[in-house]
Amino acid sequence: DTGVSQDPRHKITKRGQNVTFRCDPISEHNRLYWYRQTLGQGPEFLTYFQNEAQLEKSRLLSDRFSAERPKGSFSTLEIQRTEQGDSAMYLCASSLAGGGGISHGYTFGSGTRLTVV
Amino acid sequence: GQQVMQIPQYQHVQEGEDFTTYCNSSTTLSNIQWYKQRPGGHPVFLIQLVKSGEVKKQKRLTFQFGEAKKNSSLHITATQTTDVGTYFCAGSAGNNRKLIWGLGTSLAVNP
Numbered sequence: 001d002t003g004v005s006q007d008p009r010h011k012i013t014k015r016g017q018n019v020t021f022r023c024d025p026i027s028e029h030n031r032l033y034w035y036r037q038t039l040g041q042g043p044e045f046l047t048y049f050q051n052e053a054q055l056e057k058s059r060l061l062s063d064r065f066s067a068e069r070p071k072g073s074f075s076t077l078e079i080q081r082t083e084q085g086d087s088a089m090y091l092c093a094s095s096l097a098g099g100g101g102i103s104h105g106y107t108f109g110s111g112t113r114l115t116v117v
Numbered sequence: 001g002q003q004v005m006q007i008p009q010y011q012h013v014q015e016g017e018d019f020t021t022y023c024n025s026s027t028t029l030s031n032i033q034w035y036k037q038r039p040g041g042h043p044v045f046l047i048q049l050v051k052s053g054e055v056k057k058q059k060r061l062t063f064q065f066g067e068a069k070k071n072s073s074l075h076i077t078a079t080q081t082t083d084v085g086t087y088f089c090a091g092s093a094g095n096n097r098k099l100i101w102g103l104g105t106s107l108a109v110n111p
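For the protein sequence lines, the chains are A and B, in the order given. The first sequence begins at 1 in the working numbering and counts up by one. The second sequence begins at 1 in the working numbering and counts up by one.
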């Protein structure tokens, strides 16, 4: 296992188009997270899954964002009707759930850089 | 809601000087994790602290978790140019299993 893989690495899209990103986590990890990061900021939580269940979604997200993890393995993040404000690095991470529900350290992928023009 | 604050935002040091970044939470944390992000890279996990008053060391890096589990620090002894990057703390509280991230401290090291 080579770690967390994200595809594509870069995406340029026109405003109003839909985009979909894929994340393949470390196979032994049961938790998967999506974050968004802009320059000079820390990662901003979007959503997370434990196995195939989506347990939490940020209230900051509009209904244009949706994520799936259909078989508890890879995940997809879709953004509909993209806006220029959606331009950011989208990071996926995976981890193992530890004792008391606390996660072990996250392993991040290299991210998908989205540019909306 | 839960907030995690980090200071300073930026730090420039001469190679060989020490460096410390501080992390403070508005609520008691269940755990705190530290990450390093190199310019153009993604966050890389450094360590997790769980116990009150816990201190862990990794070579020149020393991590502390406060007695009240509301603050933490990362101290680097004798910085090197390879230490350049942004250091993030991230913690979770209670039954909330997602990490809340600080804004990070960007470290620049002059050779």
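One or more hints might be untrue.
Here are the simulated DSSO-like cross-link-like pairs (lysine-lysine), alpha carbons at most 27 Å apart as the crow flies [as the list claims (entries may be wrong)]: (1) B/Lys56 / B/Lys98; (2) B/Lys56 / B/Lys70; (3) A/Lys14 / A/Lys71; (4) B/Lys51 / B/Lys70; (5) A/Lys57 / B/Lys57; (6) B/Lys57 / B/Lys36; (7) B/Lys70 / A/Lys57; (8) A/Lys11 / B/Lys36; (9) B/Lys57 / B/Lys70; (10) B/Lys36 / A/Lys71; (11) B/Lys36 / A/Lys57; (12) B/Lys36 / B/Lys56; (13) B/Lys57 / B/Lys98; (14) B/Lys36 / B/Lys51; (15) A/Lys57 / A/Lys14.
Have a look at the derived ranges for each label pair, beta carbon to beta carbon [to be verified]: (16) B/His75 / A/Ser62: 37 to 45 Å; (17) A/Ser27 / B/Gly94: 24 to 32 Å; (18) B/Asn110 / A/Gln80: 42 to 50 Å.
Worth flagging that the hints you see were computed from the coordinates, not collected in a lab. On a predicted model such as this, the values are computed, not experimentally measured, just so you know. Don't be surprised by glycine CBs; every beta carbon is placed ideally from N, CA and C.
Hints versus structure:
no.: 1; hint: B/Lys56 / B/Lys98; result: holds, 23 Å
no.: 2; hint: B/Lys56 / B/Lys70; result: holds, 17 Å
no.: 3; hint: A/Lys14 / A/Lys71; result: violated, 31 Å
no.: 4; hint: B/Lys51 / B/Lys70; result: holds, 11 Å
no.: 5; hint: A/Lys57 / B/Lys57; result: violated, 35 Å
no.: 6; hint: B/Lys57 / B/Lys36; result: holds, 15 Å
no.: 7; hint: B/Lys70 / A/Lys57; result: holds, 25 Å
no.: 8; hint: A/Lys11 / B/Lys36; result: holds, 25 Å
no.: 9; hint: B/Lys57 / B/Lys70; result: holds, 20 Å
no.: 10; hint: B/Lys36 / A/Lys71; result: violated, 31 Å
no.: 11; hint: B/Lys36 / A/Lys57; result: holds, 25 Å
no.: 12; hint: B/Lys36 / B/Lys56; result: holds, 16 Å
no.: 13; hint: B/Lys57 / B/Lys98; result: holds, 25 Å
no.: 14; hint: B/Lys36 / B/Lys51; result: holds, 21 Å
no.: 15; hint: A/Lys57 / A/Lys14; result: holds, 26 Å
no.: 16; hint: B/His75 / A/Ser62: 37 to 45 Å; result: holds, 41 Å
no.: 17; hint: A/Ser27 / B/Gly94: 24 to 32 Å; result: holds, 30 Å
no.: 18; hint: B/Asn110 / A/Gln80: 42 to 50 Å; result: holds, 46 Å
In this structure, the earlier hints numbered 3, 5, 10 are contradicted, and the remaining ones agree with it.
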